[in-house]
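With chain A fixed as given, assemble chain B onto it according to the hints.
Number of protein chains: 2
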Amino acid sequence: MELPPTVISEIPEAECREILLRASLGRLGCALDNQPYVVPIYFVCEPGCIYVFSTYGQKIEWMRANPRVCLQVDEVTGASQWASVIANGRFQELVEPQFSEEREHARELLEARQRWWLTALAERRIRVPDGQVAPLFFAIRIDSVTGIRSTSA
Amino acid sequence: MELPPTVISEIPEAECREILLRASLGRLGCALDNQPYVVPIYFVCEPGCIYVFSTYGQKIEWMRANPRVCLQVDEVTGASQWASVIANGRFQELVEPQFSEEREHARELLEARQRWWLTALAERRIRVPDGQVAPLFFAIRIDSVTGIRSTSA
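Chains as they are written, first to last, in my numbering: chain A, 287 to 439; chain B, 287 to 439.
One chain only, chain A, in its complex shape (with noise of 0.2 Å):
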């Protein structure tokens, strides 16, 4: 077996938490009586917070039923070059009143990536068939965030 021309590293929590600020893709894992659930999310991040626009479905359902998430996002730049972080954290639905203010400012930072609400308004426009579009924001308050890269050596 030889030995292994990449270097792996962990990476820094401030590093870490700069790739989510830049990223807008992410798969998010949720778990409900310990049966995990994956899908794919855009989202944007701010310090600490991460912001999604959706509508109900399975995640949503599970995530009030149990609200500790993770999300793992990644950079790839090469077939060895790559970063991948998981921040681990808390799910919050933006509902009114109490949470007017966040879900406003929410709404726009999420809405100058239109592709977003087209997306999620897309897929439930299938499922849902009479047209009816509830859209629903939400947070993952972040608690942790750990990273590992390889680097060609």
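What the hints contain is simulated information worked out from the structure, not anything from laboratory work. Hints may be right or wrong, so weigh each one.
The list treats identical chains as one, so a pair stands whether inside a single copy or across any two.
Result set (SDA-like, lysine to any residue): computed pairs, CA atoms no more than 25 Å apart in a straight line [what the hints assert, rightly or not]:
#	residue 1	residue 2
1	Lys345	Arg427
2	Lys345	Thr292
3	Lys345	Leu311
4	Lys345	Val330
5	Lys345	Ser386
6	Lys345	Asn374
7	Lys345	Glu301
8	Lys345	Ile297
For chain B alone, coordinates are given in the frame of chain A:
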């Protein structure tokens, strides 16, 4: 709110399985005490089963405690053209001697894609300073698959 120019549709199960068969990178979700954990993995897929090479770490520890897992795979061919498939299944560590034959089969399949080995071994080397590496193979027995895809309208 304008209507989206994107159509989302469910992917028939047979086609979901085809997408898994040609995939090599996915995100594996596991859960312990209802805390989800998501990591990127490389794998090879055969009908009903995926094979993974790994070394000991958090995901192995968690899957030994709770074998229920979720594998998410996507194919992105354009901004509004993507497919996402989710497989639910169960972790089966390919221990010897019980699974010797299947372990050898998995090793042969995975060896053809040498970077799996390199990446896992490189990671292990920084975490186990004495250089001891215990290669570990596991299977995910797939119980169910579902998927959705987006296409331009």
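Which constraints among the numbered hints does this structure fail? Numbers only, ascending. The structure breaks none of the hints.
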